[in-house]
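Q: As a plain string of letters, each chain reads:
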Amino acid sequence: MASDEERRAREALRKAARFGDDIDLEAYSEGSRELAPVGSLEELPEDTKTTLLDTGIVPSGKGRAGNFLLMDNSVVHSAVMGEGVELMPLSQALKVHDWLKDYVWKAVRPDTDKYTAETYLENADGYFIRALPGAKVRMPVQTCLLLKDRNTKQYVHNVLIAEEGSELEVVTGCTTSKGVEKGLHLGISEFFLRKGSKLTFTMIHNWSEVIGVRPRTDVVMDEGATYVNNYVALKPVRSIQTYPTAHMNGPDGVCRFNSVAVAHPGSVLDLGSRAILNAPGCRAELISRTITTGGTVIARGQLVGNSAGIKAHLECKGLILSEKGVQIAIPELEARVPDVEMTHEAAVGKIAQDQVEYLMSRGLSEEDAVGMIVRGFLDVGIRGIPEHLKAEIDRTLQETDVRRG
Amino acid sequence: MLEIENLTVEVAGKEILHNVSLSVKSGYTTVLFGPNGSGKSTLLMTIMGFSGYKVRSGRILLNGEDITHLPVNERAKRGIGMMMQRPPNITGVRLKDLVRIAGKGKVDIAKIAEELDMTNFLERDVNVGFSGGEIKRSEILQLTAQNPCLLLLDEPESGVDMVSIEKLGAKVRELLQGPSHCAGWRERSGKAALIITHTGQILDYVEADRGYVMCNGTVACSGNPRELLAEIRKMGYQECIRCKLNQPNLVVENVASEG
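From first to last, the protein sequence lines stand for chains A and B. Residues 1191 to 1595 (the working numbering) are what the first sequence spells out, left to right. Residues 140 to 398 (the working numbering) are what the second sequence spells out, left to right.
Derived from the structure by calculation, the hints contain no laboratory data. Just so you know, these numbers come straight off a predicted model, no measurement behind them. Please note: incorrect hints may appear among the correct ones.
[As the list claims (entries may be wrong)] Every beta carbon over 10 Å from chain A, so not counted as near; a handful from chain B, in silico:
| # | residue |
| --- | --- |
| 1 | E154 |
| 2 | D264 |
| 3 | G298 |
| 4 | Q377 |
[To be verified] Below, in silico cross-link-like pairs of lysine-lysine (DSS-like), each with a Cα-Cα straight-line distance of 25 Å or less:
| # | chain 1 | residue 1 | chain 2 | residue 2 |
| --- | --- | --- | --- | --- |
| 5 | B | K250 | B | K306 |
| 6 | B | K235 | A | K1580 |
| 7 | B | K193 | A | K1540 |
[To be verified] Derived coverage of chain A by chain B (criterion: at least 3 residues anywhere in the stretch with Cβ under 8 Å from a Cβ of chain B; other residues may be distant):
| # | segment |
| --- | --- |
| 8 | 1315-1328 |
| 9 | 1416-1423 |
| 10 | 1551-1557 |
C-beta atoms are modelled at their ideal positions from N, C-alpha and C, and glycine is treated no differently.
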């Protein structure tokens, strides 16, 4: 079997992804797998710690159930502090749990595109997180994926299992050290939510203008599982293309994707989210709020209704704050049985002048009024975000230059 | 305080106000009567400075300063505050944040919200899903925090149920007149108001000093507000229009005599 999978992966090495610019994988050097481990995140250099904080990662690990840091292609830190949860490098977990091979590469197919294929063939490491059956993990697990070297290609392969009846929150911060000139992040994430489990997953992307990003995420959900995905990308980046997909295979599952993103000049963000509702009673809500201050945003969303009695809503709203910015909203609804309730709402455009003037009539300057409206616009997308991350994101929002160009 | 001089205003290329003149004296509450579509809201929106209301000729003076072409926030800074008839929804902006900004952080938001039964709305997005009456209370809440010298109220009583109108009326009165009913005190307090009313109901709660009747984009008449209202209730606005047509000079004299 493995050889067949490998053969297909090899064949897919030149297979361009369905969306996004085709990135030349040869143009990057492979990130080191030999970086020295760190005993605690607090041992990291000050500027790295600041970088982590910006993505919601607390170097002290205070209030966290686990810490994980992947630097280039080396797992340099992995520690569990809380109860009811396992956290370790995937490579290690495969040795510990014989059954894990039944999960690996089962949600994401290695031959999806060249990025998955290369990550597969490179036998990438990443995190393995498992919430034990019935465990209500009180504090979030934090994982950080850091690009450190001048010219780095980072492969990541994460597997997360929320066992039956468990509850877990995960925060992933993705970021770049100062001085990186060129980087590529390929991240495969396979999440399995067992019956009645609940996972809140928040990803904060703070890459930089020189980084290309191609995450591939599939979430497999059993009966009554709840998945909340928060995605935040407010800082400049060269190119992101992602289309995380929830496969809602058991009845009465609930999933929610909230995304907020700002496309700065030079950034191309191709951001999608997809829910495939395969069982009765499933509900899904995909909300995206994007802004361009000069870059390009493609906000995709897809709902697929394959079972009767499902209910799903998709909402993409985009603000254009600059003459040079481009907003493309592509919502798709696909119903394969009659008894479904699926809706979508998409809108792109500039800020309404009557809103600006209304706030000005309360004494705000035009610039402050625009800032307030823009932050409010994005706020709708992050209302599902855990409280402990809000302050950090609010600060980033305050700093984000949203002036109309 | 406010002088409108021969104001002609167009909206989307169509002339709505024709040569309107009126004045609101410091400490005086002035009401503006008129049928639907007579240009009352247009006048208020123009005074506040909203775009889309294009002044073709004439001037707006506030305390002697020509503010005809000032941006909205500069007018707010100079002490004009407006209650809009249909304010826009601002998704993602919580009412409490707007109230805090309007009050420059100096007001007890919880207290004034409670007085207006708006406590449960502070965490809600501004105007989103508010009923007609809730919008009025939200506007008054913001104005209370803002505490302007010249209030422009666009039909404060419309869409408000009978129970709320009591509270709303009291708050408007407090905003305009302070704790005292005495006209002398009001004059000294320096607050002035221009209130649009279609039904005149607000006069049950607020002492008004002067009234104007607008018809077809012009000022048809002015005088004692209660007398005007009694006439309008008896005869309807048609009578005002007829009267104005018969005595074209009456209004001009009235305005001129106010100085």
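Q: For B/Q377, is the shortest beta carbon distance to chain A beyond 10 Å?
A: It holds; B/Q377 is separated from chain A by about 33 Å at its closest Cβ, greater than 10 Å.
Q: Three residues or more, CB to CB closer than 8 Å: is that satisfied between the segment 1416-1423 of chain A and chain B?
A: As far as the segment 1416-1423 of chain A goes, the hint is violated, because 0 residues have Cβ atoms under 8 Å from chain B.
Q: In terms of Cβ atoms, is chain A entirely out of 10 Å range of B/D264?
A: violated (7 Å)
Q: Are there three or more residues in the segment 1551-1557 of chain A whose C-beta lies within less than 8 Å of some C-beta in chain B?
A: Check passed, 6 qualifying residues.
Q: Hint check: B/K250 vs B/K306, CA-CA at most 25 Å. Holds or violated?
A: holds (14 Å)
Q: Could you grab the alpha-carbon distance between B/K235 and A/K1580 and see if it respects the 25 Å cut-off?
A: holds (18 Å)
Q: Mind verifying the non-interface call on B/E154? Its CB should be farther than 10 Å from each CB in chain A.
A: About 21 Å separates B/E154 from the closest Cβ of chain A, which puts it past 10 Å; holds.
Q: When you look at the beta carbon of B/G298, is every beta carbon of chain A farther off than 10 Å?
A: holds (18 Å)
Q: Compare the distance between the alpha carbons of B/K193 and A/K1540 with 25 Å, and conclude whether the hinted pair is satisfied.
A: holds (22 Å)
Q: Is the listed coverage of the segment 1315-1328 of chain A by chain B valid when you require three or more residues with a beta carbon under 8 Å from a beta carbon of that chain?
A: violated (count 0)
Checked against the numbered hints given earlier, the structure breaks hints 2, 8, 9 and satisfies all the rest.
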